[in-house]
Structures are given as structure tokens and as C-alpha cells.
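Given chain U, put chains Z, C and F in place with the hints provided.
There are 4 protein chains.
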Amino acid sequence: MLGYGDRVLVYIDDKRKYLITLRMNGILGTDKGYIKHSDIVGRRYGEAVYTSRGFKAYLLEPLPRDLLYGFKRITQVIYPKDSSYMMYLSGIGPGSRVLEAGVGTGFLSLTIAHIIGGSGRLYGVDNNPRHLETARNNLESADVGDRIILIHGDVRDSGMFRREYIDAVFYDIPDPWNALETAYHVLKPSRPLIVYVPTINQVEKTVLAMEKSGCFIEVGGLEILLREYSVSENATRPRTLMVGHTGYIVHGRKIVSDECVLR
Amino acid sequence: MLGYGDRVLVYIDDKRKYLITLRMNGILGTDKGYIKHSDIVGRRYGEAVYTSRGFKAYLLEPLPRDLLYGFKRITQVIYPKDSSYMMYLSGIGPGSRVLEAGVGTGFLSLTIAHIIGGSGRLYGVDNNPRHLETARNNLESADVGDRIILIHGDVRDSGMFRREYIDAVFYDIPDPWNALETAYHVLKPSRPLIVYVPTINQVEKTVLAMEKSGCFIEVGGLEILLREYSVSENATRPRTLMVGHTGYIVHGRKIVSDECVLR
Amino acid sequence: MLGYGDRVLVYIDDKRKYLITLRMNGILGTDKGYIKHSDIVGRRYGEAVYTSRGFKAYLLEPLPRDLLYGFKRITQVIYPKDSSYMMYLSGIGPGSRVLEAGVGTGFLSLTIAHIIGGSGRLYGVDNNPRHLETARNNLESADVGDRIILIHGDVRDSGMFRREYIDAVFYDIPDPWNALETAYHVLKPSRPLIVYVPTINQVEKTVLAMEKSGCFIEVGGLEILLREYSVSENATRPRTLMVGHTGYIVHGRKIVSDECVLR
Amino acid sequence: MLGYGDRVLVYIDDKRKYLITLRMNGILGTDKGYIKHSDIVGRRYGEAVYTSRGFKAYLLEPLPRDLLYGFKRITQVIYPKDSSYMMYLSGIGPGSRVLEAGVGTGFLSLTIAHIIGGSGRLYGVDNNPRHLETARNNLESADVGDRIILIHGDVRDSGMFRREYIDAVFYDIPDPWNALETAYHVLKPSRPLIVYVPTINQVEKTVLAMEKSGCFIEVGGLEILLREYSVSENATRPRTLMVGHTGYIVHGRKIVSDECVLR
Chain U
39 MLGYGDRVLV YIDDKRKYLI TLRMNGILGT DKGYIKHSDI VGRRYGEAVY
89 TSRGFKAYLL EPLPRDLLYG FKRITQVIYP KDSSYMMYLS GIGPGSRVLE
139 AGVGTGFLSL TIAHIIGGSG RLYGVDNNPR HLETARNNLE SADVGDRIIL
189 IHGDVRDSGM FRREYIDAVF YDIPDPWNAL ETAYHVLKPS RPLIVYVPTI
239 NQVEKTVLAM EKSGCFIEVG GLEILLREYS VSENATRPRT LMVGHTGYIV
289 HGRKIVSDEC VLR
Chain Z
39 MLGYGDRVLV YIDDKRKYLI TLRMNGILGT DKGYIKHSDI VGRRYGEAVY
89 TSRGFKAYLL EPLPRDLLYG FKRITQVIYP KDSSYMMYLS GIGPGSRVLE
139 AGVGTGFLSL TIAHIIGGSG RLYGVDNNPR HLETARNNLE SADVGDRIIL
189 IHGDVRDSGM FRREYIDAVF YDIPDPWNAL ETAYHVLKPS RPLIVYVPTI
239 NQVEKTVLAM EKSGCFIEVG GLEILLREYS VSENATRPRT LMVGHTGYIV
289 HGRKIVSDEC VLR
Chain C
39 MLGYGDRVLV YIDDKRKYLI TLRMNGILGT DKGYIKHSDI VGRRYGEAVY
89 TSRGFKAYLL EPLPRDLLYG FKRITQVIYP KDSSYMMYLS GIGPGSRVLE
139 AGVGTGFLSL TIAHIIGGSG RLYGVDNNPR HLETARNNLE SADVGDRIIL
189 IHGDVRDSGM FRREYIDAVF YDIPDPWNAL ETAYHVLKPS RPLIVYVPTI
239 NQVEKTVLAM EKSGCFIEVG GLEILLREYS VSENATRPRT LMVGHTGYIV
289 HGRKIVSDEC VLR
Chain F
39 MLGYGDRVLV YIDDKRKYLI TLRMNGILGT DKGYIKHSDI VGRRYGEAVY
89 TSRGFKAYLL EPLPRDLLYG FKRITQVIYP KDSSYMMYLS GIGPGSRVLE
139 AGVGTGFLSL TIAHIIGGSG RLYGVDNNPR HLETARNNLE SADVGDRIIL
189 IHGDVRDSGM FRREYIDAVF YDIPDPWNAL ETAYHVLKPS RPLIVYVPTI
239 NQVEKTVLAM EKSGCFIEVG GLEILLREYS VSENATRPRT LMVGHTGYIV
289 HGRKIVSDEC VLR
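Residue numbers (the working numbering), protein chains in the order written: chain U, 39 to 301; chain Z, 39 to 301; chain C, 39 to 301; chain F, 39 to 301.
These are calculated hints, taken from the structure and not from any lab test. A hint or two may mislead.
Since the list gives no way to pick out one identical chain from another, each pair is judged satisfied if it fits inside one copy or across any two copies.
Claimed, not checked - Quick list of in silico lysine to any residue cross-link-like pairs, SDA-like style, CA-CA up to 25 Å:
1. Lys53 - Thr278
2. Lys110 - Gly92
3. Lys74 - Pro167
4. Lys94 - Arg111
5. Lys55 - Val257
6. Lys250 - Tyr117
7. Lys53 - Thr284
8. Lys226 - Pro132
9. Lys226 - Glu171
10. Lys53 - Arg168
11. Lys243 - Leu260
12. Lys94 - Gly43
13. Lys226 - Cys298
14. Lys70 - Glu99
15. Lys70 - Asp184
16. Lys70 - Glu249
17. Lys226 - Gly80
18. Lys250 - Arg194
19. Lys250 - Phe93
20. Lys53 - Leu279
21. Lys243 - Asp184
22. Lys226 - Gly156
23. Lys243 - Gly282
24. Lys243 - Asp213
The following block holds chain U by itself, in its conformation from the complex (with noise of 0.2 Å):
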């Protein structure tokens, strides 16, 4: 039964899904009408009520992927089709400690902190205090505050992090090639390093850079598409417009070798 301080999604259509915390006198408004959260306390999820102007909304209890909706954005977002991949890559799971450099909006955060679970620990490290503040904002929003640790830093800076403790390192930062020393450090032998990056030129970069540092294996570039379709009876077609670029994923495993050089 759905009463005050719950978190409830109302889906009104693919295009209007809303993320509220429910309230005494709250009103949620949209182009469909309004709702007054008093009319949805008592209800349960899976249920619908109904908008003023009589639009069907279903109160759908939040998934990790719709925590999201309410966050406040001020980078650009990695998307789904690319840290689920990422998550895949890494091995993390319940317990998993990780460390995270350029957490901006602290996406890719809450799906690492979703997957370690409250038994794991993600170091989130950001060299802007204005994304870190409104990263810390986001995350204590969706409830997962208590397992990350936020840090003002820079991870080009070496020093930063000695210890070998990591079960996987992910980078979303513009020169990832400065950063090896870091992610090699703290990294359990046959962990892996994951970055994000929007351009072909810093894949060639990254790939190379961990290559010629004889510090890593299984190194590897690539990208995923994700292709919606359009469904009808006898008239099932792709979409007409799809995202055709987000970013590159590069990856490769820390190795232990005399022939390991960083900078």
C-alpha cells in the first residue's frame, strides 16, 4: 500500500514518466493533466489512477534504471546499452570494490553502486566539486549514498591511490592514457581497466597506450548499437531515427611483468 515518503514512477506514456516522492499536498503536473498525490496513497504499485484531464497513469514501482528520471544532469550521460555492457566487462558483482574516475552526473555511478550492492564500495573520484556536489545530490537521491565514497582528485596524479585493492577500474575522462598509473596500482592483478570515450582518436590513444605499457592484456576497442523496432501486426520495421554514436568502450586486464612500464 503506497503511503507518504514513497518513491513511485507514473507512467503515463514512453514520453511521460515521472520520478516523485510521494507527499502531503503534492501535485504532480504534466501536459496530460494533473495528479494529486493524495489520490495514489492507498493504491498499490502495478495500479493506475487517473490524470484531471483523464489520462490513464500507472504507478509503477521504481527500477534501478528509472532512478535516473531524477537526477539532475550536467555532463553527458553514459547510456545503457553502453554501461551494461561495461558492467559485463568489469566481472563486479555483490561486494565488488571499485573505483570510478569522472563521475559528473553520477550515472554510471548508480549502476555500479546498484550491482556491488550495500556489501561493496565504489571510490568516485572527480576533479570538478561542482560535479561531485551534484553527484553526491543524485545519489543520495536514489539511496545509494551509504557505499560511495565521493573524492575531489585528479587520477593523472599517480600518488593518488597506492594500494592493490580493486576489483575494477572505470574511466570517463578526456585523456585516459594519463591515467594508467593509477588504475594499474590499484588494481588486482587480472582486473580490468574499462574507459568510456566519445572519440575514435582517443581509442586509438588509450589502446596503444596499454599496449606499449606491457602492463595490460586482452586489450580490445569497440562500440554497441542498440536498434528499436516498431512493431505491428505484418508491419514490423526498425525505428526510422536511432542514436548512431554515443562513445567507444576500451578495455584490457592488469598483468604482473618485469616489462610493465608506466609514464
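Frame of chain U, contents of chains Z, C and F only:
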């Protein structure tokens, strides 16, 4: 320090990766020479040994994604590009309860088991006893047998499960449109059904059946493409050959409605 | 030297291209200012003039691909990525005789007319008189009316054409599987039927009908994707937005066989 | 009625296509049995004969696209998905005059020669005499030698051609950015330079060189992808394997400007 009984991914190159468990007198034979298990004992993950023919072989700690190399394959498997996005859509995390039908080789089960962790529960259904037997062996070899209950049965039988306590349902069966009733009965309201099918005709049938039932919203069909790059200094380009198709993903979320009619 | 009556593609930027015919007292108005036709007269192709607001505008000799800018559009058009591959499949060249059904706006007709040249002949069929009227105007404005015979009729009527003298048939109609007989009758043996359809269901129906008839070989279905790049120094990447789908191409070649049965 | 000297594409299936010229006592040997040329004489295009092992073989009149099967290949060839779009971009048609550099095997030359017809003229340049020798044989075997002038030389030498009379220039050379001067000199104003390169680094260099020169507008880089479908009743899907990359296309049009500076 590696000892007998430990699992190691022996990595020679991207086409030569071997998942082994160290055994007394064990020998790993490859077309690049052999390696005695005894030469691996006492090393640490991340270090390298040499094959009898002088090729370097890295000793990696297996990530969840490496465990698949140890699996016996008896069915088509779902590729990571697809399964990782399915995990995202499902919203599952540590502790989730999941129903999967069409267990087959158990690839997807392993991915789910890793995400839900030891506190989660996966009910895996298959109507082919031979599939279940293979899946059981595969999943036990990957040390996730504890959280998985394998069940011989047919999810198209609507009486199979009736309690509403599952966080996500995954179907990899030929006619998912005939099994919507079971998914609907076990899912908590708001929670998703995720379907994997190889042909576009199955996408059309599944999407239309879900939409027409009035029991699901946010219904969609999509596909994921992965493009790998060949990176060289000043000569970067996508790989020449590509997997052009594996399967499609269909998804939707359960709602509670008087208008919901199944069968 | 450009004079009145000449056609010019006025190019300000990739979103501002105007196909005009120079007229006494003519004025081209744009959101970047206007240009008097009299200011263009006396210039040469490739040179630039300035708009009233000081923007540079290049005077280009129209290529066939530019003529489309002058067309009145009344139907969905076939994109160049598709029509160019259809030309390749068809094998047509200078002097070819072609049948096209589903003329619509006349875009594909223009492409064909350009390839077959003045010694070729295009029979364009449409069952909608309004389409034919528009196509006629469009094609005359492009100076290729001489080699095109527009016919009001329905290619699903098998009695329409009966002589075997056509080098390639193009169909852009909703149910090409109902018009195989006409294509078969007019095609020279070995020559291709090329079909354009927006949905995958139409692909399936057309391919299966062609294969089952026993009258065509080398039957196939495919799609063409075009990905544009945003190129900058050290920051090159695909464009963010992409046309994810236009239509599919189905093709096959006529054979002579006792086993060929149509209808 | 087929006779000695005629060319025939013998089609057994999509992987067994043979381009032959009928010769007295000629025999076509295949892994599905042999066919005597004398058994083909007297048949008509479109009909079938049987191999010695009883497989049906269709006798097709070769289309331009089939002629490539008869070519000796000595270099990477440009795929039809790319060459057909390059034809579109170029705007060439019957009677066009074309310059092509990097003739190689002569595949693109054949495509161009077909489009321009007997009244067109193709100047094909290559700096490798062995390439020219092979291309000459290939093109003569395809009966288009009459309209092609093959030239041994280096288009990076700006003195090579100086007259402004070419309708389109095609480059398939490693460093097109070093050959812009020649293209500029020979092109009529407004006409396009079309470049084919395998790596993204070459795209970046070519586009930037064209843009910075101030001599070209409408400059762009793109790639074309072809996806084939496996069509079966109620089981249609894209083919599993796909050519994921061949090359990129760069294009632009010559303008006349005081600001144009090359070298």
C-alpha cells in the same frame, strides 16, 4: 599464491584461453606447447609462465565472464552483448529472486547468478531433462549452484507457479507468447519480463501478445550490435568480420488492471 | 557564364541548398538573407556571391543528386543509399529499358533516367493519377521527360505488359508478391527484379513468393545503412543521430523453367 | 541462341557462379560435376543444363556485376555497397569524363566504365605497372577497354594533368590528402572528388585537408553497411555473419575561390 584446486584462466592470446583447475600431475596441452600444472603452483595471478614451446602464458584469476569457457555447450547461447543489456532491463541486483525458462546450457543462468549473489534465488526451468543435467554440471563447476533451483517443467503450463514474488522473468523459449500467464502470475507488479528470440517473427508475436493482453506496459523490441575495432597507430578501423545477428530482446512490465486478460 | 534560364544550386551550408532557375527580377529568399538572380548572372559555376546579410553562397552546377531538391514530394522517397545499390543490382546502364511501378514522387525514376541516358527508355507505372501528375512535373523540371513514358495502371494486372524486352524491373508497391507475373513477362531472361519495401514482413512475403514460384534465382533480401561522421582534428566520431531505417531491398533474376508457376 | 564466343554466367548456387566464354571442346569443372560447353551451345539465357553429377546449372546472361567474377584480383577491391554509393555521389552518367587513381585490379574502373558507356572516357592512373597490366587484361575481358585510357603515373605529381574538363575524380590511394592538387586542376567547378580509404585516420586527414584548402565544399565522410537477411517462413532474421567493415568514403565538390590554397 596459487595452489592445487585453484581455478586459473591461462591466457596465451585472444584465441587461446583455457580455464583449468590445478591438479597434481595435471598438464594443459595447447597447439603452442604444453604447461605442467605444477609449474603454475606457487605463482600469483597476473604472472606468466612459458609453454614447452616457449610461448608466454598469463595466469589470470577468472572473472565471471571467463567461467563460460569451462562450460559444455549444448544449445545456442546468449551473447554477452545481449545478456548484459537484459540484466540492465531487468533491474536485478544482489538478493533478487528470478525466474528463467529455457535454461539450456546455463550461460544466462550464470550471468543472473553472479548478479543476484549468494542472497539471491534463481528458479531455472527447462522442459528438456538433458539440458537441466548439463546446466547443473556447468553451474556447479562455476560455484553458483547454491543459489539456483533447477526445475523440470513447462512454463507454458499456467499452473506451474502462482505466487507473486519474483523480481524479473527471463524467457529463452521458442514461443514466449504462450507463456505470458506464468510470467504474469509470478512477477511482482511493475517488474519486467525479458524475452530473447532469434527471429523477427517471434518479436512481432511476443510484442503483440504482451500489448494485447493489457497486462504489460513499456513493451518494446530491440537488438544490440557489437562492433570491435582493430587499433593500430594511424590505421584504426572496425574489424572486417562481425557477428551481424544473434537475437532480439523483447521486454515489458507487469501492471495490475481489470483489463488484463491472458489466454 | 551563367545566364537567365540556367539552373543553379545555391549552396550556403549543408542545410541551406536551393535549386533555382535564373529569372529576370528573380529573388531567392532565405533565412540568411536574399540574393537577386541578377547578381548571379555573369558569374561562373563554382564562384560565390553574398546574401543581403553577408553570408557566402556558392553557385553550383546541379548534379543529378541535386535535382531532387527541386522536387515536390508527395510520397515517401527512396533514399540514395538504397537507390544507388538498387542501380548496382539492376545492372542497368546507358540505353537500358526499364519498368518501374510505384512511381510516386518520381525520385527513383529520376535516378533511373539519369543512368539510362537519352537512349534509354523508362516505363513508369502508378495506379494513382495524382502521383503521375506530380511525377510528370518533377521529371520534366529535371529535363529527363523525353526518355520516360508514364502509364496509369496496376502492375498486379498480369495482362498489362506481355513482351519480353525489359532489362530491369523496379517495384515500390505495397504488395510486390502480387505483381510477380508482370515482372516475369516483361523481363528478358537473366535480368533482375528489384523491390523496395519498408517492413520485414513484406521482405518475407516477397522472397518466399519469388522462391516458391520457381521463376527466379539468386533471390535475396538485404538492407543498407549509412553512417555519417563528424570529423574534427583529433576528435572524429560518427554523427550522434542516424537514420536507423528506411526500407529493405529484395532482388532476384528471371529464369526460364518448366517449373515456373505464377498465380 | 548461345554460340561459341558468347559469355555465360553458369549459376549452380550462390557460392558456385562461373563466368565462362563458350569454346569448342571447352569443359567447366566444378565440385558439383562438369559441364561441356557444347551442351550449352544452342540453349538460351535463363535455361538450365545439368552437370555430370546431376546438379542444375542456370545459364545467365552476365550483368555488369557478374563480370567481376572473371577478374584476376591483385589488390583489395571496393565492394559494390561502397562503389554504388560512390557512383551516386559522383553524379556521373552516360558520356561523363572521369579520372580514377589507384586503379589496382580494375573493379571500380569497370563500374565507372559501365556507367559512362561508350561515349564516356575514363582516365585510370596507377603508379604500379603490374597493377596496370592486370587491370588492362581484366577490363579488356569485360569489353570496356575502348573507353578507358590507362596511365602509368603518380597523381600526387601536381603537373600531371592541368585541364579543367573532368566530371568526377575517384581516389583509392593511401594518401589522398597529398593528391588534392591534381583533382582540383582537372575537375570542372562544382564537380566532386570521391575518395575511398580503409582507416578512420585517413578519413580525418582527407576531410581536414579538403576543408582547410578552401577549395572544396560539401565535404563529408561516411560509411555504408550492408546487412543480408536469411528469409524463411515465420523465421526471418539477419544473417549471422556480416562484413563489418570495408572502407570509408570521403567526398567534396570543387569551388572557385581566391581563398583556395593547395600545398
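These are the hints, each one checked on the structure:
Taking the closest pair of Cα atoms, Lys53 and Thr278 come within 25 Å of each other both inside a single copy (17 Å) and across two copies (20 Å). Within a single copy, Lys110 and Gly92 get their C-alpha atoms no closer than 29 Å, and across copies no closer than 41 Å, so neither meets the 25 Å cut-off. For a Cα distance limit of 25 Å, the shortest separation of Lys74 from Pro167 qualifies neither inside one copy, at 37 Å, nor across copies, at 53 Å. Taking identical chains as interchangeable, the C-alpha atoms of Lys94 and Arg111 are never at most 25 Å apart, the minima being 28 Å within one chain and 38 Å between chains.
For the homomeric pair Lys55 and Val257, the shortest alpha-carbon distance between copies (14 Å) is at most 25 Å, but the shortest distance inside one copy (39 Å) is not. With identical chains, the CA atoms of Lys250 and Tyr117 are never at most 25 Å apart, being 30 Å at best within one copy and 30 Å at best between copies. In this assembly of identical chains, the alpha carbons of Lys53 and Thr284 lie at most 25 Å apart whether taken from the same copy (20 Å) or from different copies (23 Å). Taking the closest pair of Cα atoms, Lys226 and Pro132 come within 25 Å of each other both inside a single copy (17 Å) and across two copies (22 Å).
Taking identical chains as interchangeable, the C-alpha atoms of Lys226 and Glu171 are never at most 25 Å apart, the minima being 30 Å within one chain and 35 Å between chains. Taking identical chains as interchangeable, the C-alpha atoms of Lys53 and Arg168 are never at most 25 Å apart, the minima being 29 Å within one chain and 37 Å between chains. Proximity of Lys243 and Leu260 under a CA criterion of 25 Å is satisfied in both settings, with 14 Å inside one chain copy and 22 Å between copies. In this assembly of identical chains, Lys94 and Gly43 lie within 25 Å of each other by CA distance solely inside one copy; the values are 22 Å within and 59 Å between copies.
For the identical chains of this complex, Lys226 and Cys298 are intra-copy neighbours only, at 15 Å inside a copy versus 51 Å across copies, given an alpha-carbon limit of 25 Å. For the identical chains of this complex, Lys70 and Glu99 are intra-copy neighbours only, at 21 Å inside a copy versus 50 Å across copies, given an alpha-carbon limit of 25 Å. Within a single copy, Lys70 and Asp184 get their C-alpha atoms no closer than 37 Å, and across copies no closer than 49 Å, so neither meets the 25 Å cut-off. For a Cα distance limit of 25 Å, the shortest separation of Lys70 from Glu249 across copies, 22 Å, qualifies, whereas the shortest one inside one copy, 54 Å, does not.
Taking identical chains as interchangeable, the C-alpha atoms of Lys226 and Gly80 lie at most 25 Å apart only when they sit on different chains, with a minimum of 17 Å there against 49 Å within one chain. Taking the shortest Cα distances, Lys250 and Arg194 sit within 25 Å of each other inside one copy (18 Å), while across copies they are farther apart (34 Å). For the homomeric pair Lys250 and Phe93, the shortest alpha-carbon distance between copies (19 Å) is at most 25 Å, but the shortest distance inside one copy (59 Å) is not. Within a single copy, Lys53 and Leu279 get their C-alpha atoms as close as 15 Å, and across copies as close as 18 Å, so both meet the 25 Å cut-off.
Taking CA atoms no more than 25 Å apart as the test, Lys243 paired with Asp184 passes in neither setting, with 36 Å inside one copy and 44 Å between copies. Taking the closest pair of Cα atoms, Lys226 and Gly156 come within 25 Å of each other both inside a single copy (21 Å) and across two copies (22 Å). Both within a single protomer and between protomers do Lys243 and Gly282 lie at most 25 Å apart by alpha-carbon distance, with minima of 22 Å and 22 Å respectively. In this assembly of identical chains, Lys243 and Asp213 lie within 25 Å of each other by CA distance both inside one copy and across copies; the values are 9 Å within and 21 Å between.
Violated hints, listed in ascending order, are 2, 3, 4, 6, 9, 10, 15, 21; each of the other numbered hints is respected by the structure.
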